[in-house]
Amino acid sequence: MNFIDVTMPDRYSRAPIFFREEAVIDQGYLSTEDAIWFPKTLSASDPAAIFDFCNKIKNCDGVVVLDASEFQFIDPIGLATLRATLDARPDDHEMYCRFMSNDMLAYLIRMDFFVGLDVDGFDPEVGRNPQGEPDNCVELTEVTNAEQSEVVASRLVHAMTGIKDNPDTAEEMEPYRRPLEYALKELLENALSHAKKDGNLNASVWVACQHFKTHGSVRLAIVDNGCGFLATLKDHAMLNERTDLRAIQIALIERVSCNRGALISYDSDSQNQGVGLTTTAKIAAAADGFLVIGSGKAWMRTGDKGEGQIDDCPWKGVAIAFECNRDLLPKIDIPSLLPAVEGTLDEEINFDD
Amino acid sequence: MQTLISLAAGSETVRTLGMRASATPFRKQIEKQLDGGSTVVIDFSNRDATQSFVDELVGDLVLRRGRSVVSKISFRNCSDEVKSIIKFVINDRFHQLSEYRAMA
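Chains A and B supply the protein sequences, listed in that same order. Its first residue numbered 0, the first sequence is counted upward by one per residue in numbering that gives the first Met the number 0. Its first residue numbered 0, the second sequence is counted upward by one per residue in numbering that gives the first Met the number 0.
Rather than coming from a laboratory, the hints here were simulated on the basis of the structure. All figures in this text were calculated on a predicted structure; none of them were measured in a lab. Just so you know, not all the hints are guaranteed correct.
[Claimed, not checked] In silico EDC-like pairs for lysine to aspartate or glutamate, Cα to Cα no more than 16 Å straight-line:
1. B:Lys82 x A:Asp352
2. A:Lys39 x A:Asp51
3. B:Lys86 x A:Glu341
4. B:Lys82 x A:Glu346
5. A:Lys296 x A:Glu306
6. B:Lys82 x A:Asp351
7. B:Lys82 x A:Glu347
8. A:Lys296 x A:Asp51
Construct the entire structure; sequences and hints are all you get.
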C-alpha cells in the first residue's frame, strides 16, 4: 500500500510529521478521477457506507487509488471491516492512498491498522504506541485461532478498561470489565466457530475496541470474512425466507443455532445453546446500546430495528458492532439476561462452598 | 474417589473464561475421571465464565450422559453469577434432552 502526498499543507493546519520516502510514484495517481473516495465516516452510524466502500475496493481488479481528502472518522467496525477487506486482496495488487490527513493517519497507526501490511510513503513505526492507550483505544487485532482468542480478548478488555497499565484499578474496574469481556468473548466464540464453515478455511477474524471518553461510549467490533449467517443457518426450520436479512433476524432469536441438537458430535462441531448472540445484544441494550450486524446483502441494528439492504455491496462473512454507555455497565446482571428455564435440577447441582 | 480439576491454570490476564476451545481440554479430563469411576470437583478459582464456556464444560456432559452425571460433579469457588450460569446451562441441556427423549 502506498501513501502518496500524505500532507496537504493548504488544506490541513497541522505541520506534517511524516516524510515521504524517495520513491518513484506515478503522479497520475495524484490526479486520477478513478479514485475510490473514503466516505466522511466509516462507523456503525452508517453501516451501508462501510460495506459500499469496502466492496468497491474488493471489486477493483487493477491498481486501487483511494482518496482520503474527506475522511474524518473511523470507529472499530470501520477499522475491522476495512482491514479485513485489505487483507483479502492479493499481495501483488497495488494500492495507493492520497490526501489522508495527518490526524487520521496517526490514529490508524496508533490502532495498529498497518501491522502486517507492506506500506510505503511513511514510517508506520513513527507514532505507534507499543503500550497502547489505556482507557481509550485498543489496537486492531487479528485472531487466528480459538486457543489464542481467550488471552487476546482478555488483553483487549483490560487495555480498554485501563487495568492493563494500572493493575491497582482492577477491583474498581471489575464491574466494567465483566460484561465487556463476556460480550466480546461470546461474539468472538461465534465468529471463530462459524466463519470457517462451508469451506471458508482461510477466513480471518478481526477485533477492535475503543472507549470514546468524550461521550462515554464503548464500541467493540468483531468482523470475519467467512460464510455469513445465511450459510450457517441455511437448514434451520425458522429460515422461512432465504435472505440474509431473515438469517440475521432469526440469529437474534434465543435458542436459534446452527447446531443445537443431540446428534451433533461435539468433538468436531461443538454444539451451542443458541444464546450467545442474544445475550450479548441484551448486554448492549441494558447499557443503553445496541448491536449493528452486517452479513451478506443485509444489515440490521438491534434496539430501533434499523435495517437495510446492501445488494450492491454484500459483505462475505459477518461484521458486528457492539456499542453501549460505559457508565451503565456496572448495573448489568448477566444471568438475568439468559432465557428463563425451569430449575428442575437446581437441588441436584452441588456447589462446594 | 474424588478428583479435583482446577480452572486456575493459564494466564492471569484471563478473568473470564469464555471460549469453548478453552473448556474442551477440561471437559475431557472430567470425562476421563468419570469414566474411571471418580467423582469430580471443578474449581473455578473465582474466575468468571460465559455461558458458552460452561456449556462446553458441563452442558454436553448432561446431553450425553443424562441427569445422573450431575450428582457426580460439584463446583467450587464460584461467584453467584457463575453459579447462576451453571444452573442455566445444566437445566437447559436437561430439558433439551428430555424433549428429545420424549420425541423418540
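Cross-check of the supplied hints:
Under the criterion of a C-alpha separation no larger than 16 Å, the hint pairing Lys82 (chain B) with Asp352 (chain A) is consistent with the structure, at around 11 Å. For a cut-off of 16 Å, the pair hint linking Lys39 (chain A) to Asp51 (chain A) stands: about 13 Å separates their Cα positions. Our distance criterion of 16 Å between C-alpha atoms is met by Lys86 (chain B) and Glu341 (chain A), whose separation comes to about 10 Å. Of the pairs offered as hints, the one joining Lys82 (chain B) and Glu346 (chain A) holds, with about 12 Å between alpha carbons and a cut-off of 16 Å not exceeded.
Distance hint between Lys296 (chain A) and Glu306 (chain A) is fulfilled; the C-alpha atoms sit about 11 Å from each other, no more than 16 Å. For the given pair, Lys82 (chain B) sits about 11 Å from Asp351 (chain A) by alpha-carbon distance, which is consistent with the 16 Å threshold. Simply put, Lys82 (chain B) and Glu347 (chain A) have alpha-carbon atoms about 13 Å apart, close enough for the 16 Å limit, and the pair holds. Of the supplied pair hints, the one linking Lys296 (chain A) and Asp51 (chain A) holds, its CA atoms being roughly 11 Å apart against a limit of 16 Å.
Consistency note: the structure conflicts with none of the earlier hints.
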